[in-house]
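Asker: From just these sequences and the hints, can you work out the full model?
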Amino acid sequence: MRLPVSSLSPCADDRPYVCFSWRYRDAFLTLSTDRRVILGHKGWSSAFATHCSEKDKWYFEVEVLPSETQSLRFIGYSPEGLPPLKAHWRVGWACRYQKYDVPIGGNAHSFALCGACNEVPTVATGGLRRPIASYGASHDLPELKEGDIIGCFLTLHEPRWWLPDPRKDPKLHEFLQAGILCSPDAPPPCVVNEGAWIEFSVNGQRLGRVFEGVIGNGVYHPAVSLYMGAKLKLNPGPDFAFPPPPSEGFQPCSDMRRPHIP
82 MRLPVSSLSP
92 CADDRPYVCF
102 SWRYRDAFLT
112 LSTDRRVILG
122 HKGWSSAFAT
132 HCSEKDKWYF
142 EVEVLPSETQ
152 SLRFIGYSPE
162 GLPPLKAHWR
172 VGWACRYQKY
182 DVPIGGNAHS
192 FALCGACNEV
202 PTVATGGLRR
212 PIASYGASHD
222 LPELKEGDII
232 GCFLTLHEPR
242 WWLPDPRKDP
252 KLHEFLQAGI
262 LCSPDAPPPC
272 VVNEGAWIEF
282 SVNGQRLGRV
292 FEGVIGNGVY
302 HPAVSLYMGA
312 KLKLNPGPDF
322 AFPPPPSEGF
332 QPCSDMRRPH
342 IP
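Per the working numbering, residue 82 is the first one in the sequence shown, and the count goes up by one each step.
Hints are computed from structural coordinates only; laboratory data are not their basis. A couple of the hints might just be wrong.
For each label pair, taking beta carbons as the anchor points, the in silico distance ranges come out as [stated by the list, open to error]: (1) R290 <-> A267: 37 to 43 Å; (2) A93 <-> A214: 28 to 34 Å; (3) P343 <-> D115: 16 to 22 Å.
Result set (DSBU-like, lysine-lysine): computed pairs, CA atoms no more than 35 Å apart in a straight line [said to hold, decoys possible]: (4) K252 <-> K167; (5) K249 <-> K226; (6) K226 <-> K180; (7) K167 <-> K249.
Note that this is a predicted model, so its numbers are computed, not measured. Ideal Cβ placement from N, Cα and C applies to all residues, glycine included.
Answerer: Here it is in structure tokens:
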């Protein structure tokens with residue numbers, strides 16, 4: 082049985098660089114020593130990067146590593162008697178307005194590229210998962226595979242309106258202790274950041290602006306979700322496999338700041 086909110090230590094994010102947060106993650110996820118590689122368990126689990134931003138243009142990459150579904154164990158099944166298992170993952174951007182045992186893309190403050198090997202990617206936000214073609218992509222989409230590099234682009238303009246400081250609400254103390262900035266059952270309203278957009282790429286192939294006109298003001302972290310033994314590697318930069326053209330002005334997420342509200 083999972084606890085309603087993770088009780089991980091708030092003092093554990095001591096790496097001097099951008100990596101997966103020890104605190105802003107589901108306890109069932111396993112991190113490498115450098116906290117750049119993350120391994121999923123049986124159910125959906127999410128993790129956020131240690132750093133974030135509320136404005137400017139940002140880019141990071143995630144590599145799809147070989148899954149470890151064979152290491153999972155289920156009561157009542159021998160390893161040989163298990164039905165076929167398939168790892169799934171999500172990669173994108175999210176504000177800390179959710180529990181960590183649900184996937185990103187589940188509310189209006191998170192945006193994800195959804196994938197599994199040998200499948201065409203889809204996208205999700207607000208709890209809805211849709212084909213990328215529904216957002217106007219006109220080119221053929223690649224089937225995903227191990228070793229793929231997923232590029233994540235975010236453009237945010239200076240917010241004109243700030244969400245209320247959750248530290249002023251004593252009812253949110255339990256969630257703030259876990260690094261969650263609201264009651265996950267009652268996230269703040271989405272106030273659109275005019276001109277903001279999100280795009281993804283697969284091995285350098287740009288998939289178009291799949292989210293535009295729906296991205297709210299907020300503090301966004303690079304974020305991932307993993308299911309059934311999926312395994313991912315974070316590359317916040319500055320050295321990328323498929324860097325955006327310098328003329329586009331994207332900054333590596335290695336230059337992001339730590340959150341003002343930890």
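Asker: State for each hint whether it applies.
Answerer: To see whether the hints hold, each was checked on the structure:
no.: 1; hint: R290 <-> A267: 37 to 43 Å; result: 30 Å, violated
no.: 2; hint: A93 <-> A214: 28 to 34 Å; result: 41 Å, violated
no.: 3; hint: P343 <-> D115: 16 to 22 Å; result: 21 Å, holds
no.: 4; hint: K252 <-> K167; result: 39 Å, violated
no.: 5; hint: K249 <-> K226; result: 46 Å, violated
no.: 6; hint: K226 <-> K180; result: 28 Å, holds
no.: 7; hint: K167 <-> K249; result: 43 Å, violated
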